[in-house]
Amino acid sequence: MEDTICAIATAPGIGAISIIRVSGKEALDIVTKIFSKDLKKAKSHILLYGYIYNHEEIVDEVLVSVMLAPKTYTTEDIVEINSHGGINTTNKILELLLENGCRLAEAGEFTKRAFLNGRIDLTEAESVNDLINAKTDVARRLALNNLKGRVSKDIRNLRSKITDIMANIEVNIDYPEYEDIEIVTNETLLPKLEDVLANLQEMLKNSYNGKLIKEGINIAIVGSPNVGKSSILNRLLDEDKAIVTDIAGTTRDIVEGSVNFNGFLLNFIDTAGIRDTNDTVEKIGVEKSKKAINEADIVIIVLNNNEKLSTYEKELIDLVPLKKRIIFVNKSDLNNVLTLDKEYIIGNTIEEKGLDLLKEAINKKLNLENIREQDMTYMSNVRQIDLLKKAIKEIENAILNIHKGTPIDIVEIDITNAWNLLGEITGDTYKDELLDTLFSNFCIGK
Amino acid sequence: MYDVIVVGGGHAGCEASNIAAKMGMKTLLLTMNKKNIADMPCNPSIGGTAKGVIVREIDALGGLMGRVADMSHFQIKMLNNSKGPAVRSLRAQADKRVYPKKMLEELEKNPNLEIKEGLVENLIVEDNVVKGVILSDNTIVKSQSVILTTGTYTKANILIGSENTPGGPHGEGRSNYLSDNLKKLGLNIKRLKTGTPQRIKKGSIDFTQMHEEKGDDTYWTFSHDLKPQYKINDQQKCYLVYTNEKTHEIIRKHLKESAMYGGYATGVGPRYCPSIEDKIVRFADKERHQLFLEPESIYYDEWYLQGFSTSMPRDVQEKMVHSLKGLENAVITKYAYAIEYDAIDSLQIKASLENKIIENLFTAGQINGTSGYEEAAGQGLIAGINAALKLQGKEPLILKRNEAYIGVLIDDLVTKGVTDPYRMLTSRAEFRLILRHDNADLRLRAMGYELGTISKEQYQRLNKKIKDIESLMQELKENKLTITKEVKDIFTSHNLELPKRNMTYEELLKRPEITLNFLSQFHKFNYSDEVIEQGEIAIKYEGYIKKANKEAEKLQKIEEKQIPEDIDYQKVRNLASEAKQKLSEIRPRTIAQASRISGVNPADIAILAVYLKKEYNHD
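Taken in order, these protein sequences are the chains called U and B.
Position 100 (the first sequence) corresponds to 100 in the numbering used here; numbering is contiguous.
Position 598 (the second sequence) corresponds to 598 in the numbering used here; numbering is contiguous.
Check before you lean on any hint, since a few could be wrong.
[What the hints assert, rightly or not] Calculated pairs, DSBU-like style, for lysine-lysine (alpha carbon to alpha carbon, straight line, at most 35 Å):
(1) B:K416 - U:K390
(2) B:K547 - B:K26
(3) U:K393 - B:K237
[As the list claims (entries may be wrong)] Sample of chain U residues with no beta-carbon within 12 Å of chain B, all distances over it, derived:
(4) I34
(5) V59
(6) D60
(7) E95
(8) E315
(9) S332
(10) E352
(11) K365
(12) I392
(13) K404
(14) V411
(15) N420
Because the hints were derived from the structure by calculation, they are not lab data.
No residue lacks a Cβ here, since even glycine has one placed at the ideal position from N, Cα and C.
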């Protein structure tokens, strides 16, 4: 970590402004070589106006901020160049920095440095990654909340509750002859653990919401061939990404598209019609559809207003659990032939009818309003959720052991495991492979 | 010319000198007073939680403490019997007169061991290698290696109120210059403090006011070889006493007169063994504190008032003691005192207990910053073994954290260091389900045999036990309990849920409420109690034991990630300065050890790992 690193810190594309970040010991020296002013004379945390030069030639008119160690994101010297956007100009500046002694930062390297230099803990580091990847406002708010250490705080609070329980057990064990100290027995332990378990389960529930916010909601659109699945997708996506034809079975691949919907990210999964088929290519599509149903948070079943309900469609309705299921009866512009005793929405894509109702149904199914109003103390990535689930399992084990009459020293092993797992979420215990996995998930820039 | 000189005849010194001699070293044990060999200047007990397991481990490796305790106690108990297999531990009330006598007898059986009186004040060190010791009368005694087990005797001061008297415990003298001389050789010296409570004349105690504490009505031994040497009904009783509001008032009123609160003491006392004034101050809202009255010996008339250690002046101590129920007319035969002494910095010693600065110099016991007879004895044993191994040109014996409490103890000492006297606790051991009282021999005896400290006969007994356990496990696996009318009745009469089908005994034993003892009415298991116990634990806790072993293996892997001895931590960029300082000071052998150092956080470990990979192509 001796070299100075640089990277484009803003999302690639044609934005109004691009920021190029430089961090490391030689940050000031290197940028001074290509800037119109001497940064080594600059005070910390100020903006300087000037030009970026390629030898004699002006590359861009820029604002440069200088932040001196240690009060910076990485705790090293940081220089940020605010250029006038445009992929060509930004790349040129980056090139100049590389020519003058910078190394291109690896994915997540700024955050890795911040973590390694002890400025942020693991949950915070992961949150920064989430913030960068955040695609919607709600996701960004969640990421910001985590960054302030709310998840860390909640977990630490719960962990300290467990610490208290453990300490009491330990005292009983190490000082058994002291009869005045409260003796933790399986009976007195049980309600405490049940309380901890309830807390953890609440966190898990919220973390599921957190995952919905961050990664978006997966919606699968399924139905018989040629009922208009791709047209519905296109209307919702507002782009011609899916192939739409009148020939049954043309949509062979799961086509994905995402849309920002009231601040939430909806990922639409288009599917080939689910039906028993001998056609090999289509068979793969059918398998994928079944898989998509399992992976989806919401399944929209599209039916044809103009046709009778087929056996296959009946099966399909049974296949999708009610809490995920929305039925959209398409082609309301044609004669009604279909009879259905389930709740459904009717409309058609030709006249664009019923699509608002469909969106509303999605909103209601996921209780999105409710999620928006709630405190954003969610854990939102797979590693955190996985650890949380494991911790829950350990506490459940402890409770099971208590019911079985297992001695307390064994019950405490379960509790200790849960305690360690929670520590891992906040980075309070160390595991070798943790850092490797964590940092390979980071993208360039902050 | 001796191979090994052991300085100090306390619990560490006895084990060190005995084991070194047993390993064929020509050994000299130097003590100030032969009568005070294996003296117990504080509590009259051996064992206790975690400590009792250490005694078992000492015995498994061929040490003496367990045997001698078995031959000299008048009460014994298994602690935590109901709390599960991982935390059981023996504690015995050892007779303060008999214990030293029996220990001396054991030592004198050893042909390679000589015991002499003498006060060591300096070491002979040439080119950072120890060559012998210099006594207070300037006599020079040469040796190839030296083990210091000087306890609290280095520059000891006894504190009672504002009185400060130079001298060791039990009216002994002290070593005036040894710690200064060690300092000159480059060792860091720190000042620690401990204390001991009053002794009360038996005839002046009104026992009718107190609650009795009896020994167990099951026979126990520390030793893996001896049969019980006592009779259950001959065990002596101990008694419970409580402080009251009056006691607390007296202490609060006179607080400033105590050596500790009056500012007369400089040493750091043990957190785990606070004085009574500490307890009153720190737990102000507690209405009473529990004390114990324990006989010191059946041969004399003194009782030990455990839990009442203090550095108050004598007249205040009189008032304090007389405020206790049943002790209104008590005669104090010895006043409580605090004692301050010099200790070395355990971060300057290796896991073998050899000094990092002076070669062939070993230290064990309170000089390393621990407290407790058992902790001292455990270290003494390892220091003795490693002094011998070094002279034999062999690798040192370093017990791992998953092999022995002694391993945990030494690892903590040399990686974390101590700020206050270190007492072993079960919670310090992350693998306590593996480090049990009942399997000390299975964990360590084979190592002892290899070292030559365990006899062939003992080793054969161990192997028979291992074989028996295997065959018992086989038997439990292969035999099924058929549910007959008779079996049904027995289950019902014991209020036990009936098995739903014919199950193997192994499956049945997994149920917490079913014991092997209960099952033997259906199938005769012809094994000794200790074998039955092993089978039972192995089956009932199989999942947890497996998991612990897996964790231990994982730890072992990072334990194997060696840190090169020549590493310069100043060159490791981005290490926090505290971590740099701690790592440079402690110089851990492995990444695992580094991760256990306080003040070295996970980020530092990651940086260190990256640096090693880069600089040493380290995986």
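Hint-by-hint comparison with the structure:
1. For the suggested pair B:K416 and U:K390, the alpha carbons sit about 30 Å apart, so the restraint of at most 35 Å is met.
2. For the proposed pair B:K547 and B:K26, the alpha carbon gap of about 45 Å is over 35 Å, so the pair is violated.
3. Annotation: proposed proximity of U:K393 to B:K237 is violated, straight-line Cα distance about 46 Å (limit 35 Å).
4. Every Cβ of chain B is farther than 12 Å from the Cβ of U:I34; the closest lies at roughly 26 Å, confirming the non-interface assignment.
5. Its beta-carbon lying about 33 Å from the closest one in chain B, U:V59 satisfies the requirement of being farther than 12 Å from that chain.
6. Under the 12 Å C-beta cut-off, the non-interface status given to U:D60 relative to chain B holds; the minimum distance is some 33 Å.
7. No Cβ of chain B approaches the Cβ of U:E95 within 12 Å, the least distance being about 27 Å, so the stated non-interface status holds.
8. No Cβ of chain B approaches the Cβ of U:E315 within 12 Å, the least distance being about 38 Å, so the stated non-interface status holds.
9. No beta-carbon of chain B is positioned within 12 Å of the beta-carbon of U:S332; the least distance is around 59 Å.
10. Every CB of chain B lies more than 12 Å from the CB of U:E352, the least distance being 55 Å, so the non-interface label holds.
11. Every beta carbon of chain B lies more than 12 Å from that of U:K365, the smallest distance being close to 41 Å; the non-interface claim holds.
12. The claim that U:I392 lies off the interface holds: its Cβ sits roughly 17 Å from the closest Cβ of chain B, which is beyond the 12 Å cut-off.
13. Consistency note on U:K404: stated as away from chain B, yet its beta-carbon is not over 12 Å from all of that chain's, at 5 Å minimum.
14. Its beta-carbon lying about 8 Å from the closest one in chain B, U:V411 breaks the requirement of being farther than 12 Å from that chain.
15. With a minimum CB-CB distance of about 10 Å to chain B, U:N420 fails to clear the 12 Å threshold, and the non-interface call is violated.
Hint compliance for this structure: hints 2, 3, 13, 14, 15 are not met, and every other hint is.
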